[in-house]
Amino acid sequence: MTSGDPDLHTLAGAYVLDAVSADERARFAAHLAGCAACRAEIGELREAAASLGTARAVRPRPELRESTIRAAHRTGQFAPVIAGKQHITRRRRAAGRSRAIRAAAAAAAVIAVAAGVAAGTHYADQQGRQQPFTVSAVLSAPDAVMRSAPVSTGGMAIVVASGREHMGVFIAHGLPPLPRASSYELWLMGPAGERPAGLLRIHRNGMAGPALISGMSAGDMVGLTVEPATGSLKPTSEPVVMIG
Amino acid sequence: MTDGDRQPPGALPTGRLRGVRGARGAHGPSPKLDDLLADVARGDEQAYEGVYDLAAGWVLGVARKVLRDPAMAEEVMQEVMLEVWRRASRFDPALGSGTAWVMTLAHRRAVDRVRSERSHSDRELRAATAVIDYDDVTEAVEASLERERVQRCLASLTALQRESVSLAYYGGYTYAEVAELLGVPAGTVKTRMRDGLVKLRDCLGVQR
Chain W
1 MTSGDPDLHT LAGAYVLDAV SADERARFAA HLAGCAACRA EIGELREAAA SLGTARAVRP
61 RPELRESTIR AAHRTGQFAP VIAGKQHITR RRRAAGRSRA IRAAAAAAAV IAVAAGVAAG
121 THYADQQGRQ QPFTVSAVLS APDAVMRSAP VSTGGMAIVV ASGREHMGVF IAHGLPPLPR
181 ASSYELWLMG PAGERPAGLL RIHRNGMAGP ALISGMSAGD MVGLTVEPAT GSLKPTSEPV
241 VMIG
Chain D
1 MTDGDRQPPG ALPTGRLRGV RGARGAHGPS PKLDDLLADV ARGDEQAYEG VYDLAAGWVL
61 GVARKVLRDP AMAEEVMQEV MLEVWRRASR FDPALGSGTA WVMTLAHRRA VDRVRSERSH
121 SDRELRAATA VIDYDDVTEA VEASLERERV QRCLASLTAL QRESVSLAYY GGYTYAEVAE
181 LLGVPAGTVK TRMRDGLVKL RDCLGVQR
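These protein sequence lines are chains W and D, in that order. What the first sequence shows, in this note's numbering, is residues 1 to 244, in sequence order. What the second sequence shows, in this note's numbering, is residues 1 to 208, in sequence order.
Read the hints as simulated data drawn from the structure, not as lab findings. Cβ atoms here follow ideal geometry from the backbone N, Cα and C, with glycine treated the same way. Where hints are given, some of them may not hold.
Claimed, not checked - Computed footprint of chain W on chain D, listed as stretches where at least three residues anywhere in the stretch have a Cβ under 8 Å from a Cβ of chain W:
(1) 70-83
(2) 107-119
(3) 190-198
Unchecked claim - Have a look at the derived ranges for each label pair, beta carbon to beta carbon:
(4) W:Gly219 <-> D:Glu75: 27 to 37 Å
(5) W:Ser21 <-> D:Val184: 17 to 27 Å
(6) W:Ala36 <-> D:Asp53: 50 to 60 Å
(7) D:Ser116 <-> W:Pro142: 43 to 53 Å
(8) D:Ala155 <-> W:Pro176: 51 to 61 Å
(9) D:Arg149 <-> W:Thr230: 46 to 56 Å
(10) W:Pro142 <-> D:Pro70: 42 to 52 Å
(11) W:Thr230 <-> D:Glu45: 31 to 41 Å
Same shape as in the complex, but just chain W (with noise of 0.2 Å):
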């Protein structure tokens, strides 16, 4: 540990520990996010902390499985960060076009990427594997459709949905950034209520995504809110835009 404040040092156990004040814990994280060293010393005392909880495991009710998986699958999953922004970072955004050509223009983003896929490329997982880019199997699913939509803040956004697929491909670009503490989080919202659909990065050149939503079911509409950085649970405030 070497940046920062010798007090904020010391807190590294209690931190582990979940001892602190939740200032203390935020107060403590942005100190971590600037410090290799501390991220690697907390990583370790984790370990040692997590044995403490492991020795105590005790078995669930068998019932309990069951109900817990269901629900899981139930629930949309925060989406993977995708690799394939090369393809997209060159656009540049014209003040004077108009949001239809905006819009094309990220549909073209979006078969640029799957494009690549088409050619072989695939995107290693930090284990070294190769996986399928399944943007694709959304984009070429015969039952594709494609929505786009103003995003009241600003930007467009995009919705290509396969309900054969209940997977979406969700891209928007010229959406304005936000301070550090927010994040956009997508939504999936329709008549099994509002599930999350995974926290949406915003890279530098305005474009977003393109972020797979999984489990889309009939009458689903794709959501986009502004959200604490960490995420939500439920909505905390009106979507920036709906498309569906």
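With the hints as your guide, set chain D onto chain W.
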């Protein structure tokens, strides 16, 4: 660390694709959870069942210990396991093991819950439960090997290190509360917590 904002690149497999990748073996016991989490990040429902079978007991255990209320502990376990499903793409094996990642989510959730419950009760009650905590922690347990190993390592800590770590982890107390309960300056408790964890890490031979 916002346990959340670092994420491996990845994508969700479609239902059709899932059947194709079957060759994930039952080799190597410890990296298994990490592998399963990587699959869960891509929406693999079968992998999630594996994660549940490995981790739900740990999560329930820590929730029971911290909350001391079986029904509330079950609720917290289900919430945490749902979080594991939702946030799996945020798990980064470069930052630590899957076990530590799940347990961090679990402990934080249990502690947040016990603190909101406690804010309704009075100080005397808090002091009383603290004593129960301590007795419980030092009592002899003879269950699993893992339990014995952790217990042995806890015993190698100084009394103040052990009390500080135990009251925080199992009792859900902040270092300021621990300081008050033990009648020791807060600064001392902070350093004992860190020293205690370092000693515990060395004793357990924690590997990264």
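Results of checking the hints against the structure:
Three residues within the 8 Å Cβ limit are the bar, and the segment 70-83 of chain D against chain W gives 5, so the coverage statement holds. Under the rule that three or more residues need a Cβ within less than 8 Å of chain W, the assignment of the segment 107-119 of chain D holds, with 3 such residues. Residues of the segment 190-198 of chain D lying with their CB closer than 8 Å to a CB of chain W number 9, which satisfies the three-residue condition for coverage. For the hinted restraint 27 to 37 Å between W:Gly219 and D:Glu75, the CB-CB distance of approximately 30 Å keeps it satisfied.
With their beta carbons about 18 Å apart, W:Ser21 and D:Val184 fall inside the hinted range of 17 to 27 Å. The hinted window of 50 to 60 Å between W:Ala36 and D:Asp53 is violated, with their beta carbons roughly 35 Å apart. A beta carbon spacing of about 50 Å between D:Ser116 and W:Pro142 agrees with the range 43 to 53 Å that was offered as a hint. Range check, D:Ala155 to W:Pro176: Cβ separation about 56 Å, and the 51 to 61 Å hint holds.
Distance hint check for D:Arg149 and W:Thr230: the Cβ-Cβ separation is about 34 Å, which falls outside the suggested range of 46 to 56 Å. Against the hinted window of 42 to 52 Å, the Cβ-Cβ separation of W:Pro142 and D:Pro70 comes to about 50 Å, which satisfies the hint. At roughly 25 Å, the beta-carbon separation of W:Thr230 and D:Glu45 lies outside the given 31 to 41 Å, and the hint is violated.
Checked against the numbered hints listed earlier, the structure breaks hints 6, 9, 11; every other hint is satisfied.
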